[in-house]
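Take the sequences, apply the hints, and build the full model.
Number of protein chains: 2
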Amino acid sequence: MDNNKRPTAVIFSQGDEVITGATVDTNAAFLADKCRLLGFDIIRHITVADDMDVLVQTLQDIDQIADMCLCTGGLGPTQDDLTTEAFAKAFDVPLVFDETAYQMMAKFFTQLNLTMPEVNRKQAYLPAKATRIDNHWGTAAGFVSDGHRCRFYCMPGVPYEMENMLSTFVLQDLQQHFSIAPTRLVTLRTMGMGESTIQQKINELNIPAEVRISFRAGLPENELKLTFPHAYDEQQLLQCVDRVKQALGEAVYAIDGLGQSVVSLADCVDQLMRAKGLSLTALETLSQGGFAKQCQADWLRQTYIYPVVDNVANDFAFQHRGVNETTSLAIANQLLLKAPSDIAVVQLFCENQRSEVDIYTSVVSSHGSLSTTRSLTGRLQRIQINAAAACLNLLRKHLLTL
Amino acid sequence: MDNNKRPTAVIFSQGDEVITGATVDTNAAFLADKCRLLGFDIIRHITVADDMDVLVQTLQDIDQIADMCLCTGGLGPTQDDLTTEAFAKAFDVPLVFDETAYQMMAKFFTQLNLTMPEVNRKQAYLPAKATRIDNHWGTAAGFVSDGHRCRFYCMPGVPYEMENMLSTFVLQDLQQHFSIAPTRLVTLRTMGMGESTIQQKINELNIPAEVRISFRAGLPENELKLTFPHAYDEQQLLQCVDRVKQALGEAVYAIDGLGQSVVSLADCVDQLMRAKGLSLTALETLSQGGFAKQCQADWLRQTYIYPVVDNVANDFAFQHRGVNETTSLAIANQLLLKAPSDIAVVQLFCENQRSEVDIYTSVVSSHGSLSTTRSLTGRLQRIQINAAAACLNLLRKHLLTL
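Same order as they appear, the protein sequences are chains A and B.
Residue 387 in the working numbering sits at position 387 of the first sequence; the count goes up by one each step and never skips.
Take any residue in the second sequence, note its place counting from 1, add 1000, and you have its number in the working numbering.
Be aware that a few hints might be false.
Unchecked claim - Residues from chain A that face chain B, not an exhaustive set, calculated with beta carbons under 10 Å:
#1 Val18
#2 Ala32
#3 Pro208
#4 Ala209
#5 Val211
#6 Ser214
#7 Gly290
#8 Phe291
#9 Leu376
No lab work stands behind these hints: they were computed from the structure.
This structure is a prediction, so every number in the text was calculated from the model and none was measured.
We put the CB at the ideal spot given by N, CA and C, even for glycine.
Below, the structure written as structure tokens:
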């Protein structure tokens, strides 16, 4: 499909909070990602302050360059909220009182046992001929309305409200009004393999040029995204994903977009723990609760945190073997006896001579054990995140053997 | 100072990663916040994709509407990195090879024991008459150069490199080239008081109109920001801050911008624990390590995590008094004996009959104790954050009495 034929889109954010830097605009990336998958060509993100003249001019400018605009913010009850009025001015349409929007707002306040302030009445005025987008999650109704060329979707800036409006109304409306060809996204979630290594392994595969390859480097996980063109042959798609999976080996812990849904390594472990009905006890050192925080109360029975490894010796026998992988395994066995559960995870650490941190992780259950040593470097926060992930990943690997 | 007289600024981000939503643009908020404090009027954030014609046009457009532009991204070695060339085209200046930029890059590669690929040579070309901005943190040199009206600062998109260039070069250059009047920011950090309550208390104070009041609602902390005009009388400033502090009472745990620096509640507790040279043992339930994660290994000796309160009874005596504030205090006393340290913090919880969660927090040391009960509601993640913050805040209050 020719890039030039894709409808163009602008992401338009408003509000003093965003323009002054008081708030990071996460809406823009969220909306852009959704648009791209639907098949739009995103040509601009624009943010302006709460200024009527600038707003009117910007809406008119966007109308000249784009087929579609997703606009967030400026729908609130205060004098700074100017989007609806600016739209009416930009395209010379009157504002009309929308009784349903008003009633929905009144109901929202009633449910919270509050009286609706008179100032909120303003939010029930929408541009004539606009279609209301119901807001079941807050007070500000949104609307969709056409300029001369561009179709504008105006939504509140509150991410939760905006995301709900998008999924319940906007995505369907976009598919009805534009001849777009939604692409298909398959995400391979990986753990323990660097972005450049992934890149190199992918380069060797000669993936067809029409399959868009992108990375989302996260900490500690990396995502490899394969975006397939609209109506790509299913058999070829599955073959392509399988080749990539084979090339990345056991670094891939989940594949999203083929029916299964796993949103993170913690989610993957949670699904396995529940499916097998097992319980866990853990001992964390360096990650200081970063592992416990990612476990679920349904199966995490207890965690001991000792930020300093020496203090572990108060409750567990080190047997003069020093801090190493063998000791972490020995302590995991003690832990199973001390705080009975099906599985025990133990993390110890020690600075090595290259000023890196060696992390010793062990998992033990009645079916066997697994241990690893990893050398980590960088800032403490980064090392802690990786250390917690090492616990999750080793636990996952052990669960797959049960 | 009249708003209209402030120099205008545009924040300009580039790159496919940002426009497609693969990356959230945190640079824009960071740069906008710095500009605003310096006294600039930020009129737009603009993001475009890696397209030469669009880049040239956008640079020319910005030159028409702004006095200054902070531009990030597009300085890398690949074919998608077009900023420097686009700037040269937009303002009809040649590109010139910069020997120093080249040597710095070569040195950067040498330090990493790598050979510089030939493709990086491109990064040493800068627009004629531009001033190089040295990059000691990566490969891409930045530059500052004037359009017809606007002064453009072009920096890499990597936040770490950009932030370092900003603090070592750009901020000083801005102050030299613009007659700006830096404002003064004082931030009151609060805990345990809602945004609307803060707003109401502030409204009653009749703060002078020239003092800009803004909020940053965080979880679990709220910040009240007072921005004072350039050269505001110091005595009046201190009086104003003091009045606000009195009005908000003990909700204020720190004030930033008057010499002292405290970046969070955890930082506040850390400073107190270090100053007093004390150690801590804790027992967490609902927050599952969220408290331990915010403590420092220098003084956190040990934490027990029991996601389910019933399991606490395996290691501590409940004495048939049920789960309540008294029990949390009793367990804190047991904890001091079991894992000796100067202070013990205990968190228990119980769902109440209104489907809220009651959190019982206790702090005990040889100098006395403090306990609280708080009812929390909402999503689990939100409750966990608030529960961990309640531990920190109670510990802070206890530390202030020692």
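Now the hints, each set against the structure:
1. At its closest, the beta carbon of A:Val18 sits 7 Å from a beta carbon of chain B; the interface hint therefore holds under the 10 Å criterion.
2. Hint status for A:Ala32: holds, given a least beta-carbon distance of 3 Å to chain B, under 10 Å.
3. With a least beta-carbon distance of about 20 Å to chain B, the hint placing A:Pro208 at the interface is violated under the 10 Å criterion.
4. The interface hint given for A:Ala209 is violated, since its Cβ lies 16 Å from the closest Cβ of chain B, which is over the 10 Å cut-off.
5. Because the beta carbon of A:Val211 sits about 16 Å from the nearest beta carbon in chain B, more than 10 Å, this interface hint is broken.
6. Contact between A:Ser214 and chain B, as hinted, is supported at the beta carbon level, the nearest pair being about 6 Å apart and thus within 10 Å.
7. The interface hint given for A:Gly290 is met, as the beta carbon of that residue sits about 6 Å from the closest beta carbon of chain B, less than 10 Å.
8. Taken as an interface hint, A:Phe291 checks out: its beta carbon lies about 8 Å from the nearest beta carbon of chain B, inside 10 Å.
9. The closest approach between the C-beta of A:Leu376 and any C-beta of chain B is roughly 15 Å, which is over the 10 Å cut-off, so the hint fails.
Consistency note: the structure conflicts with the earlier hints numbered 3, 4, 5, 9.
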